[in-house]
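Q: Listed below are the residues making up each chain.
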Amino acid sequence: MNILEVKDLCKTYIVNKRQNNVLKNINFAIGEGEMVAVMGPSGSGKSTLLYVVSGMDHLTAGEVSFCGKNIAQMGERELADLRLDEMGFIFQRMYMLKNLTILDNIILPATQSKKLREPRRETARRGQDFMRRLGIIDIAGNDINEVSGGQLQRACICRSMINGPKMIFADESTGALNRASSDEVMEELVKLNSGGSTIMLVTHDVKVAAKCKRVMYIVDGNIKGEFDLSDCSTQMRERERALNNWLLELGW
Amino acid sequence: MYLQILKKDLKRKKAMNVILLVFIILASMFVSSGVNNIISVTTALDDYLEMADAPDYLAMTMNKSCAADRDGILNSAASVESFSKEKILCMTSDNITFEDESKTASSINPILLQSDEDISMNYILDDGGILQSVKSGEFYMTAGAAEDIGLAIGDKMTVKLGGVSCVFTFAGGVKDAVLGSTGLSIQRYFISAGDIENFISAENVEQFYGGELIYIRASDMEKMISEIKPVIDNAFFSADKATLKLSYVFDMMVVGLLLVVSLVLVAVALVILRFTIAFTLSEEFREIGVMKAIGLRNLKIRGLYLVKYVALSVIGAAAGLALSFPFSELLVSVVPSSIIINNQNAAFSNVICAVCMVGVIMLFCYGCTGKVGKMSPIDAVRNGQTGERFRKKSMISLGKSKLPAASFLALNDIVSSPKRFGIITFAFFLCLSLLLILSTTVSTAKSGTLFNVFGIADFDISAKGEVMELMTENGHEKLKEYLSDMEENLARNGMPARCMQEIMFKLPVSHGENESSVIIYQGTGTTADMYEYIEGTPPQSVGEAALTSLSADRLKVDIGDTITIKTIDGDKELIITAIFQSMSNMGEGVRLHEDEEINYIQAQSAYFTQIKFTDAPDQKETARRMEKIQKLYPELDDVSNRAESISYLLKVVDTIDTVKQMVVVLTFILAVLITVLMERSFIVKEQGEIALMKAIGTRNGKIYAYHTLRFVFVGCMTVIAAELFALPLTHLFIDPIFRMMGSVRALDYLINPFEMFLAFPLVILAATAASAFLTSLYTKTITALDTANIE
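As you go down the protein sequences, you meet chains A and B in turn.
The numbering of the first sequence is the working numbering, which starts it at 7 and goes up by one.
The numbering of the second sequence is the working numbering, which starts it at -3 and goes up by one.
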């Protein structure tokens, strides 16, 4: 069953009275439990695609269906509720509220959710469980400027998971991290995916994309091709090599 | 390079720069007008007396009671440099009627009629000119009194004196610096020399109503007083310049409040400005870090910001300067018309203030940019905090809190940034405290509970009768009879009451070498124990008296000492048994025992007749009885309840009420401005966080609630703090003013619960909540997508 279905998606910006077609007739679908990477050169429209399909940005034309609901027809309030309860977000920069501790930042979405009507203690306990699973329980009471980038990004993953979303959107979630931290974060995302979470991530990093089941390559607002890694070896090097070869064929 | 960076900065950070500019304009406007007012009001009285060419000493004599050779004594006194005299006719309000019968020249003091012929000082006209002459058939009068009566130019007045009746047309008000103060409020009517001759030429008028106002300029005041003692002893009223100034204490109370308002505005402006500069500079940590990283020296970096603030402060100060003139005028407009506030140097002081503001802003900026030295390139990376200076920000835990998310976030912001929100709270606290102080002062003054500080007995109703007509040799007996008849009449009409009347005499009182002309009070219908004393026991019998603490200090008298009162029937020796306080006659006074014999022909004036019902009626019944009494005694003027009577004695209550209303409006505007500008700057600073909240699914409504609640909490903190400090602050600021008027003990202030606990807290809460909410709507323009664009 598809969680996300995109049909003839177009996104156009008007910059200095000039029309800029960022996304042109995009069509794809993401099934439940999939982990899909979107790759492409800078300015190709991959982040825009992520923001449009997640309801953060408005589409110009086409249809985006999330769990069977057309998000183009949703109002701002419905979109907010959708993002709160059904979607999780991980950004390249580890954005968090400065005046809250790591744990409070993680549980903040849960305290606003109408889906999870649970006592605040239970929310905190769940938040701590996520932190424990991601190995950052020691920093629960810390402020955001007291921890490393890797720790902070893992906290962002915890936050994205706190409301039990149907799908997680990650925009260059490892882009600001060193290799070791990047590997740790990806390991967590893969674990989440293994646990049944659907993930769509945008990345430049072949190593990161190689961990996904499917890779879409986007150039100039068009999906130039899709590469299925589900049948590839479980060996990371082989997966990376296969992906690299495919990307080179597409002009990467 | 600086100019280019400045140009870019002004464009790129438009919102923050506009907010800062608005604050600079406000600060400049408040400081310029505030300082101008402070200068004007602190020198107001001296300037006014100088402008009016007021004498060093003033004596009012009556032909009927002053047999001394005034000219001879004054000419032979070596310390008298010069003197001049104005002839007066001393009337009462009964001698004057207006065409519009609803208007009365009601006054418990004598009313003076005089001509334009012998004007001895400057009487300032409404247009700023000086009264030189009066056309026949016209009259000018004390401006404050004309305003109280409600006279308009062209109104007709009839003066009946000694069988002569003349009609005059009101030509304008004059500021009378010596007798026109709210404390003295002796009304003067100026007519032409020809017109006054009509009255003087009538039989006995000059003898019975005639008198002189003597203006004396002296080289040595003490010596002069002893040299002209016979004139002073026989004077109906006399006062040196210091006493005349003291009589402005009521007017200066308003002026003083204006000073407090100005000081509060200046304080609020500077506090908020200092905060905004520090706040906007803290925004620049990333750029400062980057500049440091590329090797720019601290001085260069500071110079960059100083250039920006020079530009903003010059523009802001110029705009603030322009606005300060009308604002200053608005503030000064509440000052009673009995005094002139010389605002002639406004332009100069305002310009100086505006220039100073530029300097102050630069100093603030220089101080704030001092942090540049402490910032490191790491700041560009780590949100403005280096690893060495981590500070615990989160004080409360969302996990443990039961508050809704929006309330928690609002509260958490406040406890995480106590300085930031503390400054806003302090600014609001200053405004609200000022309001509560004024409210408490006005409600106390209007409550009628201050009768004891005026040295009078408790009463329910007062009315002004023609008791001065009874002031003959056996006036005391006549007065007793009058009051007894009134009591009987009232009882017959179902209003059992005790009727009382205070009579005042101005007589020389001495104790050893110390001598002073003091107001002597004697109550008829009262007993000595019906008054409040602060020390000793009430005079029990004839030969005993009580003294105000001020007179006791002046005469160097203590309880048990004997004072001597000079009366026309000889000296009277009295033992002082008690000390009392009185805000009448600037705190001076001696209270005689009710049976003490004194010739009532010396009576100077009378308070209103007091009526105390013995069957304790409620307010509604008292009001009904007031109407009934007015019908029974149509000749009585100003039938009032106790609260109205005490307000009348305090004189400036209505003006303070006007100041209060002005402060309500100012507080509301200030609270709105501070909230809007602060909230707007918070939105600019928190743009990233707002975008993030939207990205993770927070609804706009919750963000509005979060931002609004921060200011609601600030408003609540302000209200709690202001309520707690309202009475202590009222004692701190208002007690000294009442003390100047003669009150010795700290007053028991009466709060107005409606204003104190509802109306004024609502002003702050409504202003902050509504403006924070409306400003927070701006967050709608920030979208979840902006998360990708956060710097």
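Check the hints yourself; a few may be wrong.
What the hints assert, rightly or not - Derived DSS-like pairs (lysine-lysine); straight-line CA-CA distance at most 30 angstroms:
id, chain 1, residue 1, chain 2, residue 2
1, B, Lys288, A, Lys104
2, A, Lys172, B, Lys81
3, B, Lys624, B, Lys608
4, A, Lys121, B, Lys7
5, A, Lys121, B, Lys156
6, B, Lys776, A, Lys30
7, A, Lys104, B, Lys4
8, B, Lys288, A, Lys23
9, A, Lys104, B, Lys219
10, B, Lys396, A, Lys172
11, A, Lys121, B, Lys776
12, B, Lys99, B, Lys9
13, A, Lys213, A, Lys230
14, A, Lys172, A, Lys120
15, B, Lys296, B, Lys81
16, A, Lys23, B, Lys9
17, B, Lys81, A, Lys104
18, B, Lys698, B, Lys3
19, B, Lys624, B, Lys10
20, B, Lys442, B, Lys415
21, A, Lys75, B, Lys7
22, A, Lys104, B, Lys7
23, B, Lys296, A, Lys75
24, B, Lys4, A, Lys121
To be verified - Negatives, chain A to chain B, calculated, CB over 12 angstroms:
id, residue
25, Thr54
26, Glu69
27, Ser71
28, Ile113
29, Leu114
30, Pro125
31, Asp144
No lab work stands behind these hints: they were computed from the structure.
Because the structure is a prediction, the values reported are computed rather than measured.
Where a beta carbon is used, it is the ideal one built from N, C-alpha and C, also for glycine.
Q: Which earlier hints can't be squared with this structure?
A: Numbers 2, 4, 5, 8, 9, 12, 15, 17, 18, 19, 20, 21, 23, 24, 25, 28, 29, 30 - these are the hints that the structure violates, sorted from lowest upward.
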